[in-house]
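Construct the complete structure from the given sequences, taking the supplied hints into account.
Number of protein chains: 2
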Amino acid sequence: DMAEEDVDQDFTELQEVEDKIRALTDELEEKMVELDKEYSKKKRPLFDERIKICSKIPNFWLNTLLNHSELQEYINTSDYDCLRHLKILDVQDVDQDGMQGTRYSFTFTKNPFFDNQMIFKEFKYNKESGELVVDTSPINWKDGCNLTLKGAQSSKEEKGKGKREATEDNEVQSFFCWFDSREETESPIGDWIREDIWKDPFKYFCGDDDDEDGEEDDEGEGEEGEDGEDGEEGGEEEEEDAGEGDE
Amino acid sequence: DMAEEDVDQDFTELQEVEDKIRALTDELEEKMVELDKEYSKKKRPLFDERIKICSKIPNFWLNTLLNHSELQEYINTSDYDCLRHLKILDVQDVDQDGMQGTRYSFTFTKNPFFDNQMIFKEFKYNKESGELVVDTSPINWKDGCNLTLKGAQSSKEEKGKGKREATEDNEVQSFFCWFDSREETESPIGDWIREDIWKDPFKYFCGDDDDEDGEEDDEGEGEEGEDGEDGEEGGEEEEEDAGEGDE
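Protein sequence lines, in the order shown, are assigned to chains A and B.
The UniProt record's numbering numbers the first residue of the first sequence as 1 and each following residue consecutively.
The UniProt record's numbering numbers the first residue of the second sequence as 1 and each following residue consecutively.
Derived by calculation from the structure, the hints in this document are not laboratory data.
Among the hints, erroneous ones may be present.
Unchecked claim - Simulated coverage check for chain B against chain A, where a stretch passes if three residues somewhere in it have a Cβ under 8 Å from a Cβ of chain A: (1) 12-18; (2) 21-27; (3) 32-46; (4) 123-129.
Glycine included, every Cβ here is placed at the ideal spot set by N, Cα and C.
Now the structure itself:
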């Protein structure tokens, strides 16, 4: 066309070489994805083993989630009692019907909040179009227990307990709102779970979040203060009333 | 130790599983690196072919570098005349003597600025320690032509030509300062060249920098205004006096 004639250049040759380079780049990308899948499969039995072990540690996931400095801001104190019943957190690759993505599933023991045993959130991309589809499970809240409704009565027995005073808790949405919303973009909560927590949950359980501001760095395990002021990070005082009341 | 006894938990089992998962992650990472190297080798002949083609297009690398919206801020107008002589830009993986990294080499035609035919900058990491070693080639400037010295007389015949008026050029360091400095961290210039330009130089040559602010998006090819106000992005007006005076 005009422009090319003006500068008196034919770029066909260059474009052909770039196409060849691009084809190799795409091929590499595909192989990387395959390799990644292969290793996901290899890791699966280990993830399952880890899930089993973690489910036996009282409040493992509650403490782990709360020790992620960014994620914890999406959990309000009313969620704590409910998340004490979270026994299994699982992150699975999804790859079916031309869709690819991640499924986050949360399995709870019998609890006074909702009837579901398992709730999930799933982000899937259409491999052709790239379109994102978000799927979530509706939560069957028990009467008066819906934590996503502002002012919902969260937990009777915990009322008045002086935990996590520092937070302006009224302004923090419930973690369970995540299961309500079908975002257009992948949410940071999913990313934090997959990229941070899932890679080393024990690190977070122990409170070693590298990205933390450092304030809580020396908050050790085993400080089982009965009821004290030390629970800001969802610390170990929850150990006492943990892990029972279920199945 | 104390803490673990307190919470009455033995995390050995969990740690062992996490170690196994980590080992697989490391293995995957290694394979990814291998795959990447394999494809770099496959691409090499194509890169060489591309280099040959580009070297025949007048001012190819000058225009390509200038059309990178971030990189262009590291090139001052006095550099232009020198970069017209840049015939080959090459990016090569370096992997020897336990060091791994990238070598950027710039081959020039005979020019009035320096005696080197080739100048390079190299970033290498020690595979064991992770330590970064930066290596650069000294430029043998001809008398009075050192573009990295402020106020150096860049080019006689271009003086007074009204190109690229918009820039407060005195405040922009010469691009060639990059070859002086041995940064502690890898410089953005290297990243831009490797991650952006090297992946699709033709795109940049044509002025299709996705990251651009959009102002110059409709700046087409072939607008060969003699000397006009349209040259802000190192556009095509340089075509006229391009590609001679060398070899």
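Evaluation of the provided hints:
1. Taking a C-beta to C-beta cut-off of 8 Å, the stretch 12-18 of chain B contributes 5 residues in contact with chain A, enough for the three needed, and the coverage statement holds.
2. For the stretch 21-27 of chain B, the proposed coverage by chain A is satisfied: 5 residues have a C-beta within less than 8 Å of a C-beta in that chain, meeting the threshold of three.
3. Beta-carbon proximity to chain A at under 8 Å applies to 7 residues in the stretch 32-46 of chain B; the threshold of 3 is reached and the given coverage holds.
4. Counting residues of the stretch 123-129 of chain B whose C-beta sits closer than 8 Å to any C-beta of chain A gives 0, which falls short of three, so the coverage hint is violated.
Hint compliance for this structure: hint 4 is the single one not met.
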